Every structure is written in structure tokens, then in C-alpha cells.
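Enquirer: What follows is each chain in one-letter form.
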Amino acid sequence: MNKSLKRLVIDTATPYLYIALYEDNVLVDSIYQKGNNDHSVTLMDNIAKMFDKASWKIQDLAAVIVGIGPGSYTGVRIGVVVAKMFAWSHNIPVFKISTPALLASGADNGVIFAYVDARRNQAFGGVFEKTDETLVRLKADTYADLTTMLDSWTYDHPVNAVMPDLNVVLNSELLEAVDNVHDLSPVYLRKTEAERNQEQNK
Amino acid sequence: MIVLAVESSCDETSVSINKDGKVILSNIVLSQIDTHASFGGVVPEIASREHVKGISVVFEQALNQAGITAQDVDLVAVTKGPGLIGSLLVGINAAKAFAFAHNIPIVGVHHIAGHIYANQIESEMKFPLIALVVSGGHTELILMKEHYDFEKLGETQDDAVGEAYDKVARVLGLGYPGGPIIDKLAAEGEATYPMPHIKTEQLYDFSYSGLKSHVINMINRLRMKKEPINEKNLATSFQHAAVRHLIEKSRQAVDDYQAKMLIVAGGVAANKHLRSEVETHFKDVEVSVPPFKYCTDNAAMMGIAGYYYYQRFKKIDAMDMNGYSRLNLSE
Chain A
5 MNKSLKRLVI
15 DTATPYLYIA
25 LYEDNVLVDS
35 IYQKGNNDHS
45 VTLMDNIAKM
55 FDKASWKIQD
65 LAAVIVGIGP
75 GSYTGVRIGV
85 VVAKMFAWSH
95 NIPVFKISTP
105 ALLASGADNG
115 VIFAYVDARR
125 NQAFGGVFEK
135 TDETLVRLKA
145 DTYADLTTML
155 DSWTYDHPVN
165 AVMPDLNVVL
175 NSELLEAVDN
185 VHDLSPVYLR
195 KTEAERNQEQ
205 NK
Chain B
171 MIVLAVESSC
181 DETSVSINKD
191 GKVILSNIVL
201 SQIDTHASFG
211 GVVPEIASRE
221 HVKGISVVFE
231 QALNQAGITA
241 QDVDLVAVTK
251 GPGLIGSLLV
261 GINAAKAFAF
271 AHNIPIVGVH
281 HIAGHIYANQ
291 IESEMKFPLI
301 ALVVSGGHTE
311 LILMKEHYDF
321 EKLGETQDDA
331 VGEAYDKVAR
341 VLGLGYPGGP
351 IIDKLAAEGE
361 ATYPMPHIKT
371 EQLYDFSYSG
381 LKSHVINMIN
391 RLRMKKEPIN
401 EKNLATSFQH
411 AAVRHLIEKS
421 RQAVDDYQAK
431 MLIVAGGVAA
441 NKHLRSEVET
451 HFKDVEVSVP
461 PFKYCTDNAA
471 MMGIAGYYYY
481 QRFKKIDAMD
491 MNGYSRLNLS
501 E
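These protein sequences, in sequence, are chains A and B. All residue numbers for the first sequence refer to the working numbering, where the first residue is 5 and numbers rise by one. All residue numbers for the second sequence refer to the working numbering, where the first residue is 171 and numbers rise by one.
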């Protein structure tokens with residue numbers, strides 16, 4: 005009887021497509037590659053190929069883990085929707101984590117400033133302390149001027165493109181179970197431009 | 171064959187299940203219209219966010235209402251375009267994930283094919299037919315010689331008819347969406363304001379920017395002179411001119427191609443004046459206008475179109491299927 009724990013990890017909130025298959029905390033297969041605004045094309049295509057290669061089925065999964073941003077609005081939705089539909093389709097537990105936290109999990113040990121580029125020299129960034137075992141948050145994810153954050157925040161390493169490490173994430177309290185799969189949605193951190201304009205004009 | 175269809179091209183999140191391209195077992199439509207109303211139109215980023223929130227609930231309700239499970243589904247159909255790209259991508263990726271998770275083939279379907287196939291739900295298509303497609307984004311005449319065979323005869327050279335309704339309603343301060351509001355007002359008025367007769371270079375093309383500008387300029391002129399505007403009469407005058415243009419072009423196409431049937435498709439097919447004018451002017455051919463509930467965006471029509479696409483081409487899409495904000499009906 006195979007009682008291994010199969011876990012799928014997805015993040016599409018950054019320019020990189022990240023997919024990882026872990027079995028009993030061992031990395032079975034992974035992709036971490038820069039996309040071309042095409043996560044919509046590549047995410048399901050690669051998941052299908054990787055599951056085929058590993059002879060995995062969605063219903064075998066013990067958990068789906070997804071990065072929920074903040075990051076690219078269109079990008080993050082792709083991963084979140086796919087995770088949401090997998091979890092709902094076969095009643096699989098789903099876990100969410102901040103995308104900057106996921107990035108920090110793959111960095112060298114120390115105090116990490118992890119960020120996702122936004123347009124116009126802005127970024128979504130947070131600060132974390134990472135050890136071999138775990139990851140804790142020192143500063144909440146924020147939308148701000150990237151140069152300001154890089155220059156004035158305190159940290160050992162900045163990261164914005166690194167393959168996450170699930171074993172660090174699994175030990176971290178930053179990984180949260182989603183009780184009701186229907187509630188799973190990205191964290192955008194910002195209201196839409198239309199909503200901001202409307203509030204200003206009130 | 172059981173088809174599950176997904177539609178998310180604009181501001182309705184919808185999943186529907188049909189049997190053999192005919193019997194609608196369920197059609198769940200989660201409309202965002204109230205969310206967008208205060209902005210005077212659909213805000214694309216808000217629409218995308220709302221689709222993510224609602225998508226799995228809508229899937230669940232559609233399966234429950236149809237009384238089936240995912241294992242019973244033989245084909246997944248999803249709108250691949252045209253539409254708001256961020257919105258489309260939510261439905262497409264949800265559909266791909268569902269199809270993969272249950273090992274079901276998937277097909278991407280053109281949104282306008284869906285609107286046309288809304289007419290196959292309660293009537294039977296007879297070929298050749300002319301389809302008049304009218305909505306907030308489209309004004310087109312399509313010739314169909316058989317199932318899932320579309321030849322575009324003409325289209326609007328500028329504004330879509332629904333867009334003209336929205337803009338006139340906005341200038342009059344009547345709210346959004348403009349179509350139903352103007353239609354209702356027009357029913358109580360008389361066509362007292364002079365309107366231009368619309369002309370286009372090509373026989374089957376449409377044009378609405380001239381009529382729209384004429385009405386807006388008239389409103390501004392009357393307001394400047396502080397003269398009263400009879401909104402009901404203005405609505406009637408505009409609506410009669412807008413619909414007359416549709417009827418004339420459709421009549422021409424039906425005659426030229428000796429069509430056996432005229433079908434009306436798209437959100438503006440819900441317009442009461444258009445429905446009655448079509449009845450009046452096409453007594454010699456069969457006319458089909460979808461039931462009101464299938465005029466606006468819904469997945470039921472996408473599922474019927476998906477069924478006929480699959481029957482005709484026996485072709486399925488792969489997991490790298492993408493969405494397209496612009497897309498030809500023949501693609």
C-alpha cells in the first residue's frame with residue numbers, strides 16, 4: 005500500500021513559472037523558468053506533462069500548495085484558479101502562502117528582502133528571516149517604490165527570482181490551510197485603479 | 171453525450187451542462203452587473219477578480235443542479251475568445267484544470283458561435299440561415315450553410331449597436347447598461363426627433379458612430395439652448411433608427427442568399443423593439459430569437475456550440491490552449 009504524501013506546489017505571480025512535485029518531502033520534478041506573459045499557456049501544459057512523466061494523478065495528491073501573490077494580477081490568477089479547481093475537483097487540502105515568502109524559502113539563510121517587480125519601478129516586497137529549518141516574517145508584504153525598499157530596508161540578501169524550497173515552507177507558519185476552497189483568491193494588496201479613482205472623487 | 175461549458179469572457183461567470191447539444195440540464199450564471207454599475211461600465215480588472223472568487227462555486231452548483239458528477243461529463247467546452255483577456259483566462263484555466271483532473275477532452279469555443287447557438291436550444295436551425303449578431307461588442311451578419319460553418323458577410327465599421335445604446339444612455343444620465351433602459355423608455359414615446367438614414371459603403375456592413383454622434387450633439391445643443399428634452403421621444407427616435415438599420419441589412423442578406431431562416435443573437439436580441447420588428451419584416455422565413463435568459467452571456471449557449479463544434483470537427487484542444495481578446499469566428 006503506497007501511503008506516500010504527494011504534494012503539488014504552484015506559483016505564477018512572478019515572471020517565472022514555478023511548478024514542483026514533492027513525494028514525502030523529496031523533490032520528484034520541478035520547473036522554474038522565466039515566462040513570456042504566458043503562464044496561461046504553460047502552467048497546465050507543464051503540469052500535464054510532469055504528471056504524465058511521474059505517473060501521478062490529481063486525485064492522488066495529499067495537498068496543493070499555491071503562491072497567492074502579491075504579484076502580477078493576471079499571472080497570480082492563473083495559478084490560484086488551477087489550484088482551486090484541482091482542490092475542489094477531488095476534495096484535496098489546499099494551502100496558500102505569500103509569493104514573496106515562497107521566494108524567500110529558496111534564498112540563502114539570513115534576513116531576506118523578497119520582492120516581485122511591478123511596473124514603474126514599484127514592487128511587492130516583504131522581509132523574512134530564513135534558516136535551514138524554517139521561515140518567519142519580519143515585515144509585511146508591501147507595495148512601494150523598489151529603490152526606496154532596496155535602499156532603506158534592513159536585510160542580508162535581496163531576492164526576486166529563486167526556486168522555492170518546500171521543506172522550509174512546510175515548517176513555516178506562513179503556510180496557511182484554506183478551510184473552504186471556494187474562498188481561495190489571490191492577495192492583490194492594491195485596489196483596482198477604477199476603485200481608487202472612485203474613492204478619490206468621493 | 172454530456173457537455174460541461176464554461177463562459178467568463180466579460181462580467182458573467184457561468185457554467186452549464188447539456189445533454190446531446192439540446193437539453194440544458196443546468197445553466198448557472200453569476201452576474202457581476204451590480205459590481206460594475208457604479209463605474210458606468212465593466213472594469214476589466216474587477217471582472218477578473220470576481221471570476222476567480224466565483225468560479226468553483228458556479229461549477230459546483232452546475233453539477234448539483236444537473237444531478238450529475240464530474241465522472242459523467244464527456245466533453246468540456248470553454249469560451250476562448252473574443253472578450254476581456256483577464257476574464258477569459260480565468261475560465262479557460264479553470265476549465266483546463268477541471269478537464270485534466272477528470273481526464274475529459276476539452277474544446278475552446280468562439281463566443282459569437284455561442285450566441286448564434288443560443289438559437290438551437292429552443293428551435294432547430296435550418297440552412298442556409300442568416301445570423302444577425304448584435305451586442306455591446308458586435309454587430310455582424312453571418313451566413314451559415316451547415317452546422318458550425320460561419321461566413322461573415324459584414325460587420326460594423328465603427329461602434330457596435332449595443333455600444334451606441336450605452337453611450338446615448340450615459341449622455342442622458344440614464345445609467346448602465348443602456349440597452350434595456352432605452353428600450354423601456356422608447357416603448358412609451360414617439361419618434362418625433364429627426365434621425366439620419368445610415369449609409370455604409372459595403373452592402374452588409376453597419377455603422378453606428380454617425381447616429382450616436384447625431385443624438386449626442388442634439389442633446390448637447392438642446393441643453394445649451396436650455397430647451398427641454400423629451401427623453402421618451404428621443405429614446406424612441408434613436409431606437410427606431412438603430413433597429414431600422416439592422417432590419418434593412420438583414421433583409422438584404424436573407425433575400426440575396428435565399429435564407430430559410432433568420433436568427434438573432436447576442437445581448438441586443440433581448441431588445442423588445444428589435445424582436446417585434448423582426449417578426450413584422452420577416453414573415454416569409456422562419457425567425458428565431460433566443461429566449462431572454464439566453465440572450466446575455468451564459469454558458470448554456472457555449473455548451474451547445476461546443477457540442478456542434480465537436481460533432482463537426484472531432485477535434486480537441488490541448489492543455490496549452492490560450493485565450494484571445496480578438497478572434498475570428500473561423501478560428
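Be careful, since some hints might not be right.
Think about it this way: if two alpha-carbon atoms lie no more than 25 Å apart in a straight line, the pair counts; the simulated SDA-like pairs of lysine to any residue are [claimed, not checked]:
1. A:Lys61 x B:Leu200
2. A:Lys53 x B:Ser201
3. A:Lys61 x B:Ser201
4. A:Lys61 x A:Leu193
5. B:Lys223 x B:Lys192
A short list of chain A residues far from chain B (calculated; beta carbon distances all over 12 Å) [to be verified]:
6. Asp49
7. Pro97
8. Thr151
9. Glu199
10. Asn201
Hint data in this document are derived by calculation from the structure and do not stem from the laboratory. Bear in mind the structure is a predicted one, so any value in this text is a computation, not a measurement. All C-beta atoms, glycine included, are put in the ideal place defined by N, C-alpha and C.
Enquirer: Going through the numbered hints above, which ones does this structure break? Give me the numbers in ascending order.
Expert: The structure breaks hints 1, 2, 3, 4, 5, 6, 9 and 10; every other hint is satisfied.
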